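*Asks:* Those sequence lines, one after another, are chains W and A. When the first sequence is numbered by the working numbering, its final residue is 265 and no position is left out of the sequence of numbers. When the second sequence is numbered by the working numbering, its final residue is 357 and no position is left out of the sequence of numbers.
What the hints contain is simulated information worked out from the structure, not anything from laboratory work. Note that this is a predicted model, so its numbers are computed, not measured. Any given hint might turn out to be false.
Said to hold, decoys possible - Restricting the straight-line Cα-Cα distance to at most 25 Å, the calculated cross-link-like pairs of lysine to aspartate or glutamate (DMTMM-like) are: (1) A:LYS96 / W:GLU38; (2) A:LYS76 / W:GLU230; (3) A:LYS339 / A:GLU78; (4) A:LYS96 / W:ASP36; (5) A:LYS76 / W:ASP36; (6) W:LYS56 / A:ASP347; (7) W:LYS107 / A:ASP219; (8) W:LYS56 / A:GLU351; (9) W:LYS48 / A:GLU246; (10) W:LYS107 / A:GLU220; (11) W:LYS107 / A:ASP195; (12) A:LYS339 / W:GLU38; (13) A:LYS153 / A:GLU246; (14) W:LYS107 / A:ASP347; (15) W:LYS48 / A:ASP347; (16) W:LYS48 / A:ASP195.
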Amino acid sequence: MKNNRFARLALIPYALWIVIFVVAPLVLIAYNSFLDIEGHFTFANYGKLLSPVYMKMMFNSFFYSLIVTAVSLLVGYPVAYFISRTKHKGLWLILLILPSWINLLLKTYAFLGILGTAGPINAFLEVIGVGGQQLLFNDFSFVLVSTYIFIPFMILPVYNAIEKINPSLIYASRDLGASNWKTFQRVIFPLTTDGIMSGFQLVFIPTLSLFMITRLIAGNRVITLGTAIEQHFLVTQDWGMGAAIAVVLILVMAIVMFATRKIIK
Amino acid sequence: MKSLVRAFIAIVTISIALLFGISYLNAAEGYSGDNTLTIFNWGDYIDPELITQFEEETGIKVIYQTFDSNEAMMTKIEQGGTTFDIAVPSDYTIAKMIDEDLILPIDYSQIEGIENIDERFLDLSFDPDNKYSIPYFWGTVGIVYNPDLLDGKELTSWNDLWDESLRNQIFLADGAREVVGMALNSLGFSLNSTDPAELAAASGKLQSLMPNVKAILGDEIKMLLANEEAAVGLVWSGDAAEIMYENEALTYVIPEEGTNLWSDNLVIPKTAKNIDAAYAFINFMLRPDVAAQNADYVGYSTPNAAAIELMDPEVTEDERFYPPAEITDTLEYYDNIGKANLATYNDIFLEFKMSGQ
Numbered sequence: 001m002k003n004n005r006f007a008r009l010a011l012i013p014y015a016l017w018i019v020i021f022v023v024a025p026l027v028l029i030a031y032n033s034f035l036d037i038e039g040h041f042t043f044a045n046y047g048k049l050l051s052p053v054y055m056k057m058m059f060n061s062f063f064y065s066l067i068v069t070a071v072s073l074l075v076g077y078p079v080a081y082f083i084s085r086t087k088h089k090g091l092w093l094i095l096l097i098l099p100s101w102i103n104l105l106l107k108t109y110a111f112l113g114i115l116g117t118a119g120p121i122n123a124f125l126e127v128i129g130v131g132g133q134q135l136l137f138n139d140f141s142f143v144l145v146s147t148y149i150f151i152p153f154m155i156l157p158v159y160n161a162i163e164k165i166n167p168s169l170i171y172a173s174r175d176l177g178a179s180n181w182k183t184f185q186r187v188i189f190p191l192t193t194d195g196i197m198s199g200f201q202l203v204f205i206p207t208l209s210l211f212m213i214t215r216l217i218a219g220n221r222v223i224t225l226g227t228a229i230e231q232h233f234l235v236t237q238d239w240g241m242g243a244a245i246a247v248v249l250i251l252v253m254a255i256v257m258f259a260t261r262k263i264i265k
Numbered sequence: 001m002k003s004l005v006r007a008f009i010a011i012v013t014i015s016i017a018l019l020f021g022i023s024y025l026n027a028a029e030g031y032s033g034d035n036t037l038t039i040f041n042w043g044d045y046i047d048p049e050l051i052t053q054f055e056e057e058t059g060i061k062v063i064y065q066t067f068d069s070n071e072a073m074m075t076k077i078e079q080g081g082t083t084f085d086i087a088v089p090s091d092y093t094i095a096k097m098i099d100e101d102l103i104l105p106i107d108y109s110q111i112e113g114i115e116n117i118d119e120r121f122l123d124l125s126f127d128p129d130n131k132y133s134i135p136y137f138w139g140t141v142g143i144v145y146n147p148d149l150l151d152g153k154e155l156t157s158w159n160d161l162w163d164e165s166l167r168n169q170i171f172l173a174d175g176a177r178e179v180v181g182m183a184l185n186s187l188g189f190s191l192n193s194t195d196p197a198e199l200a201a202a203s204g205k206l207q208s209l210m211p212n213v214k215a216i217l218g219d220e221i222k223m224l225l226a227n228e229e230a231a232v233g234l235v236w237s238g239d240a241a242e243i244m245y246e247n248e249a250l251t252y253v254i255p256e257e258g259t260n261l262w263s264d265n266l267v268i269p270k271t272a273k274n275i276d277a278a279y280a281f282i283n284f285m286l287r288p289d290v291a292a293q294n295a296d297y298v299g300y301s302t303p304n305a306a307a308i309e310l311m312d313p314e315v316t317e318d319e320r321f322y323p324p325a326e327i328t329d330t331l332e333y334y335d336n337i338g339k340a341n342l343a344t345y346n347d348i349f350l351e352f353k354m355s356g357q
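Here chain A stands alone, though its shape is the one from the complex:
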């Protein structure tokens, strides 16, 4: 009994000491109550030097947390108990978050630099007049591939993926909208289709792709493609840029049947505690020099037209990653198709995955 009490006291003492240690360290670094900004962003989606620069310029301390899917991010904000001041959802998720009243409207009297943003990326269907969101990065979904591993073969369309020469050569990103959308596009349908006949056709077409699919992967798809574990990948353009940076043999193509155009946007969740800091951060990210540096680091395409002026033309004139308006006009954003339709997409995707077993 005595040793039990002693052990108990020891644990409590150590815990209290650790607690003091943490709060001391936090205070020493300037993290205290109302002086912090909590950002909830995708992994590896900002230049860490910019966070330091922001902290130095404003005296605000940044707490940076990451998520790996829109759905996981939204679930966390929905459940409450979080105090994110900034989040970075994608287009269709913004529509959902507006519907469910999870984000605050933007007060434009506090915003500086919105005029830097290319008009192509403003006033879109998921958030008319940008009442709730400020564009951060944008891109497409497409095919990254390694011509060296395909005897110099050139891929230009989704339908090329069904070619028999690609047996067991394709990695797919693990996303229902992306993969089902690809099948819909390959058949000439809209990637927002909710027509049962079109979806059934897409499902059938998708299952016939299975012999060519080597794996369906998450973030590790970048490393594995760069390591030449497979020749072809269905990926987001920014991931493609990263893969091509690692392995110059690869190239990226926006399929000619059309594909998804997406944008990730800064929003202020309803649970925000430090709204002033959130505005300071949005204005900081809108600055051309900051946006240019960030795009340079992250590798995705910036919607900030003023920043593009400052960037290496070799990057910004590359139509694979900065397609001109003639191309982006033909691409589609994901609509918020509603829970029931989304469930159908998920069922098709699951059936597709199971068909490989």
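Excised from the complex, chain W in its bound form:
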């Protein structure tokens, strides 16, 4: 009994934290989304979200997020598999995590140099005779840099899932005559789906709300919902519209979380 009370008391700071820094801001965002620029109550912000410009933006955001997630998975899965089969796992994992110790903005700026017309990639293309290409300010550069930034969040959960597989299951599969590929297809892959799902959540959701990279690397040729929120809060000062987009984004994220969780169970 006494123990129980202590547990409840111990929960108070955390509960306060959640209320002040999680619940209250969400309520404020929802509240703001019903205000127009003059501060009057309105549903117009949500109406505006249905206009072609915002529908296109939403469609674009999902499209690019899905591509970034898919590329992360295609590249990340084999990497995770490879790391789980190597001797120096610790070393490989450190190499993977190391870039995340460097400030995001610096890494993004570095890509401006790497992909620029006078950058090393274009120099290489010139040398092999392909000729200079415009690598910056298009879909390609956006997907490349976003994937580069988020791919560790795909690799790590998948790696953990592979590591968790009981080796005897793999031995059993081999003993029963399954080839390497069959073993992968029927045993390893199904057992890593929850890793893939959490990787999906960790990559897809932040990509949806990316900004900055859309300007620096894609030169505003790619505009995501995150860019629109940033613009509305800091530049156009239409907080209501920014908040409305944020509410929609939160709902979408909740749906994604729910959908991906359902598959795991």
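Based on these hints, arrange chain A on the given structure of chain W.
*Replies:* Just chain A now, kept in the frame of chain W:
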């Protein structure tokens, strides 16, 4: 449990030690309570040596913070919790800040050197009689371009930007007023237009520019233009000066259809804590020698006529950056067009950006 308590105590001890360390360092450098001046300015918009000189002359310690847009600066001051003694908003933002009661009137009995300022930059529509603001720098919005990358082609007007030879060659600054204003000017309308028909025409014209636009960028536009990532840029004159300093192949032109003339001004926000220091700083910046040195460093045009006397004539006679009154008289300041109209500008700009996707 024991190790948890130990870890907790360790964190608290280290935090307290760090806190003492910071206050010790601050005290050692002379930063204490009423002896500081907090300046809120654009990035890279003052010669850092002048801050040191000001500190040495007055014994006041300067805390320098930067912002990258008028709106972000105003939001910060509006929300309170800040103690900026000096801020440097642009013309139309000053009008907004006066409206919203965010800045203090200037007490001219405490100002020395206002007579140094060129009359062209005093008593303007955004702040009649300069009740609230003191001019700091001014400039235009225009086209910076690299003739070498355009086979020696010369650009003189906004309409030149629509030329087919500029496919995928233009960088635009990421500003709704600048970009929509350019489209309005190119059609011969005022860049403060609120007429729906004119704005619709500008929107249409703007979208037809998209094939020529390579990217819409923030501050990185300077580096990228200097690196010849594109041949043409819509930029502020001071940015152009900086780009041309980095890469001499580029030149700047004030488009013949007219463009925006702007000025950034020193103001004292309502939240100021050290008003005496703020006046000391304003008077310091009004001094011809200081203004000249600052203009030399920053590269923007100084409104300080007495300072111009002290500067290299090659700089101050360059009509690209010091256009004579005949030209500046034809250019327009941004009016405070109100929230609803501003929202229309922003919508046009967003639609323009989306049309490229």
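*Asks:* All the hints need checking, so say for each whether the structure fits it.
*Replies:* So, going through the hints one by one against the coordinates:
With a C-alpha separation of about 14 Å, the suggested pairing of LYS96 of chain A with GLU38 of chain W holds against the 25 Å cut-off. The hinted pair formed by LYS76 of chain A and GLU230 of chain W meets the criterion: a straight-line CA distance of about 15 Å does not exceed 25 Å. Between LYS339 of chain A and GLU78 of chain A, the direct Cα distance comes to roughly 16 Å. Compliance with the 25 Å bound is thereby established for this hinted pair. Of the supplied pair hints, the one linking LYS96 of chain A and ASP36 of chain W holds, its CA atoms being roughly 18 Å apart against a limit of 25 Å.
Proposed proximity of LYS76 of chain A and ASP36 of chain W is supported: the alpha carbons are some 20 Å apart, at most 25 Å. Pair hint LYS56 of chain W plus ASP347 of chain A holds up; C-alpha atoms about 14 Å apart against a cutoff of 25 Å. Taken as a hint, the LYS107 of chain W and ASP219 of chain A pair is honoured in the structure, with Cα atoms around 17 Å apart against an allowance of 25 Å. The hinted pair formed by LYS56 of chain W and GLU351 of chain A meets the criterion: a straight-line CA distance of about 10 Å does not exceed 25 Å.
Between LYS48 of chain W and GLU246 of chain A the CA atoms are separated by roughly 44 Å; this puts the pair beyond 25 Å, and the hint is violated. This hinted pair checks out: LYS107 of chain W and GLU220 of chain A have alpha carbons roughly 14 Å apart, not beyond 25 Å. A threshold of 25 Å between alpha carbons decides the hint, and for LYS107 of chain W with ASP195 of chain A the separation of about 44 Å lies outside it, so the pair is violated. Taking the CA atoms of LYS339 of chain A and GLU38 of chain W, the gap is near 8 Å; set against the 25 Å cutoff, the hint holds.
The suggested pairing of LYS153 of chain A with GLU246 of chain A holds, with an alpha-carbon distance near 21 Å, which does not exceed 25 Å. Between LYS107 of chain W and ASP347 of chain A the alpha-carbon distance is near 31 Å, which puts this suggested pair outside the 25 Å criterion. Taken as a hint, the LYS48 of chain W and ASP347 of chain A pair is honoured in the structure, with Cα atoms around 11 Å apart against an allowance of 25 Å. Restraint check: the Cα-Cα separation between LYS48 of chain W and ASP195 of chain A comes to about 22 Å, which is no more than 25 Å; the hinted pair holds.
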